[in-house]
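Here is what each chain is made of, one letter per residue.
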Amino acid sequence: MNPRLLLVYTACLALVAGPARAQFDFSKLTKAIDKAKTITDTAKDASKVAKGAAGIGPEEEKVIGDSVALEVIAKFGGLVRDEDVSHRVNLVGRALARYSDRPGLSWRFGVLASDTVNAFSAPDGYVFITRGLYDLAASDDQLAGILGHEIAHITRKHALNIVRRDEFFAGSKSLLEKYSGDYRQASAAAGQVDAQLQQFDVGVGKITAGLIEKGFDQPTEYAADQAGHNLAALTGYAPGGLRSVLVQLQQPGGQAKKTFSTHPPLKERIKRLPDEPAALPSPPAP
Amino acid sequence: MKPHTPPGPWPLVLLLVAAVSVEAALVAGSVVYTKRFKTTLLAEPSPLAAAAGELALGRKLTVTESKGNWLHVSDGPQAGWVFSGNLAEIPPVETKGLDGLPVAAAQTTATAAARGLTPAAADYASRRGLESAREDLDWLLEQSANLTDEQVDEFLQAQKKGEYK
Chain R
1 MNPRLLLVYT ACLALVAGPA RAQFDFSKLT KAIDKAKTIT DTAKDASKVA
51 KGAAGIGPEE EKVIGDSVAL EVIAKFGGLV RDEDVSHRVN LVGRALARYS
101 DRPGLSWRFG VLASDTVNAF SAPDGYVFIT RGLYDLAASD DQLAGILGHE
151 IAHITRKHAL NIVRRDEFFA GSKSLLEKYS GDYRQASAAA GQVDAQLQQF
201 DVGVGKITAG LIEKGFDQPT EYAADQAGHN LAALTGYAPG GLRSVLVQLQ
251 QPGGQAKKTF STHPPLKERI KRLPDEPAAL PSPPAP
Chain Y
1 MKPHTPPGPW PLVLLLVAAV SVEAALVAGS VVYTKRFKTT LLAEPSPLAA
51 AAGELALGRK LTVTESKGNW LHVSDGPQAG WVFSGNLAEI PPVETKGLDG
101 LPVAAAQTTA TAAARGLTPA AADYASRRGL ESAREDLDWL LEQSANLTDE
151 QVDEFLQAQK KGEYK
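Chains as they are written, first to last, in my numbering: chain R, 1 to 286; chain Y, 1 to 165.
It is worth saying that the hints were derived from the structure and are not from the lab. Hints are supplied without guarantee of correctness; some may be wrong.
Below, computed lysine-lysine pairings styled on DSSO-like, alpha-carbon distance capped at 30 angstroms [unchecked claim]:
{"#": "1", "chain 1": "Y", "residue 1": "Lys67", "chain 2": "Y", "residue 2": "Lys160"}
{"#": "2", "chain 1": "R", "residue 1": "Lys206", "chain 2": "Y", "residue 2": "Lys60"}
{"#": "3", "chain 1": "R", "residue 1": "Lys267", "chain 2": "R", "residue 2": "Lys206"}
{"#": "4", "chain 1": "R", "residue 1": "Lys157", "chain 2": "R", "residue 2": "Lys206"}
{"#": "5", "chain 1": "Y", "residue 1": "Lys60", "chain 2": "R", "residue 2": "Lys157"}
{"#": "6", "chain 1": "Y", "residue 1": "Lys60", "chain 2": "Y", "residue 2": "Lys160"}
I would like the entire structure built from these sequences, with the hints used as guidance.
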């Protein structure tokens, strides 16, 4: 058994057992709390030099990504649970992700049950495209352009840069340790768990709001457009896929005012992307 | 004299695509890095060529020649061809996060894709009343896990994408 847990456990038993031994056991309990505090202080020191994505480890990124993905799904009416749709979007997405800068992430691609026209990404490889946008992407070249843009946000850790690591994890050494049984019990004794979880929830809320309500700043979006364009072309998709979708949306009746509300104006995005072929003679994904 | 016939759109299409490829290609002397747990060096610039070696994650390589999107690279005595999409122009910046664990890039895609929801996120879903979203996410994770790396590779081959172009 972990020494910290053993100390807390022993102390708690002794407190219940009777006053004759309470003083001795209280001292052990205090030591356990001090140890938990030491962990906290160590983390605070580390977080002083760890700003943004640079300090967030891969296991922490998984937890953040899962949590943000849950929020995105909830806010857009759930997922379209169509196996054929899911297969197509994951096949094209995974083909692109293979050649991205982070091929080892847990890449997952989902279609949100919303008729708005937008796409989002969450840390650790989550890409979401609304049904409204998916329906517009008739060709795999267009779908690849859209997914490539979102993949670029993930590989460049744009969402993780919305918050600093110490905003997420203040009060604990790491999220993994926080969720380990021994640390939770030790921290609970010190009354820290609730505060830590609240802190984490606030961090997830900030990222989700940044993605869904504000969006990234325009230079970040233009950089993702270019990187997505390059990734699609490298993978073998027509490099003009994304641009053709944007042009399509800009046409009369193309829902231009209702689309990509979290992205820069369509006109500017189109202007910055090269005018290239929107389709190559390839059959749609099986 | 045979009358001149204006070319159809496809030569232009191919020219433009080639231009992107050339732009993406790196010249001899450039430095690139491996970005996978294992990167196979090939004897020829073809995915079907014989293996000429294997490199670990984060190896610094020198480009000695390029052919389209294929790069001939060397790492000391080891040398061979690699599709440029399997290499990175910048090194993997993280070797460890503050959680003390190695980068996710060191894992295989198959392993990563097959993972379920993290316990901490499951706890988050309960705290936030996101049970319905969790059911959807569990479904997505299952769908993703069912799609294997081998299927993605077969798709790339059938569609002539990536290194199979």
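Report task. Take the C-alpha atoms of Lys67 of chain Y and Lys160 of chain Y, compute the straight-line distance between them, and say whether it is at most 30 angstroms. Result -> Given pair Lys67 of chain Y, Lys160 of chain Y holds - Cα atoms ~17 angstroms apart, limit 30 angstroms.
Query raised in the report: Are the Cα atoms of Lys157 of chain R and Lys206 of chain R separated by 30 angstroms or less?
Result: With Cα atoms ~15 angstroms apart, Lys157 of chain R and Lys206 of chain R stay inside 30 angstroms; holds.
Query raised in the report: Straight-line Cα separation of Lys60 of chain Y and Lys160 of chain Y no greater than 30 angstroms?
Result: holds, 29 angstroms
Query - Pair hint outcome, Lys267 of chain R versus Lys206 of chain R [Cα-Cα no greater than 30 angstroms] - result: holds, 29 angstroms
Query raised in the report: Does Lys157 of chain R lie within 30 angstroms of Lys60 of chain Y when you go C-alpha to C-alpha?
Result: Roughly 23 angstroms between the alpha carbons, so the hint for Lys60 of chain Y and Lys157 of chain R holds.
Requested in this report: Could you grab the alpha-carbon distance between Lys206 of chain R and Lys60 of chain Y and see if it respects the 30 angstroms cut-off?
Outcome: Roughly 37 angstroms separates the two Cα atoms, so the pair is violated.
When held up to the earlier numbered hints, the structure conflicts with hint 2 and nothing else.
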